[in-house]
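Engineer: Those protein sequence lines, which keep their order, are chains S and G. For what it's worth, my numbering labels the leading residue of the first sequence as 320, then goes sequentially. For what it's worth, my numbering labels the leading residue of the second sequence as 354, then goes sequentially.
Keep in mind that a hint or two might mislead.
[Said to hold, decoys possible] In silico contact screen, one side only, chain S against chain G (beta carbon under 7 angstroms); selected entries: (1) LEU362; (2) LYS364; (3) THR366; (4) MET373; (5) GLU374; (6) TYR387; (7) LEU395; (8) GLY396.
[As the list claims (entries may be wrong)] If you want the footprint, here are the derived chain G segments under chain S, 3+ residues with CB under 8 angstroms: (9) 373 to 387; (10) 393 to 400.
Don't read these hints as lab results, they were simulated from the structure. Cβ coordinates follow ideal geometry from the N, Cα and C atoms, glycine included.
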Amino acid sequence: MNKLHSVTTLWLLMMALTISTYMVGVLGYSGTKVVMFLLLTILIKGTIIIRDFMELRGVSLLWRVIMYGWLGIVTLGIAISYMADA
Amino acid sequence: MKATVIKSSEPKLLPGDFAIWIFIFAELLVFGIFFLIYAVMRARNVELFDQYQNTLNREIGAMNTLLLITASYFVVKAVHAIREGNLQACAHWLYASLGTGTGFLILKSSEFYAKFSAGISMDTNTFYFFYISLTFFHYLHVILGMIILIAVLIKTKRGKYSALEHTGVETGASYWHMVDLVWIVLFPLVYIIR
């Protein structure tokens, strides 16, 4: 796949994930499975931004660990705090 | 005669100026701590957070997410254009990203205006303290990102970048993507998850 087409596909995927997140809010869904789904959308979109938009694919492992580590720790922290009150 | 094949195992360098990455890491650390404190405070005040989360305008939050993602996409296109030496296309994509960034600021300003007009402030309750401080802190970063993109646009229009030298474009792009990355966590966390 052409690189530009690939980026366009990823952009459309992120738009679709955002609309699905919004629909979850509008429909008032809540609960563990819903929180997990929303956190998964954060992970997917965050990975696309870091890997394909910021172009960190192929850079030194240290920089990737910092960026993906940030995304993972924040998402995990949110998951733990929401599970605590579930 | 045998051809010598040199295999490079060296990792790629970070795009743009290295200094911006130190700034990006520092900013992400601050936002990350802010997000985790929000999540902990929410766990201690679930009813309050759920009640006041319902007063937020999810339509504006979602529209702003679409605008920021689109602005990031336009910035990617600007970087690709300058790598091909196409300054005109690079400038057009930067104009487009600035336009979508302006759309974000207009919508977010209208949201702040509606809340402040209703007498809501950071002192109203714990939820609003976090909602206003987090989103306003991010709002300031969008403004800074746009100032950087305007500076990149001006240099592009003056022909200061080329297919070989475009570190400035990559630097501005990296910062803008960080602003987008933070909002991607912020929107579901503050507006949706309950």
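Engineer: Compare the structure with the hints numbered earlier in the document and write down the numbers of the violated ones, lowest to highest.
Structural biologist: Violated: hints 1, 3, 6 and 7.
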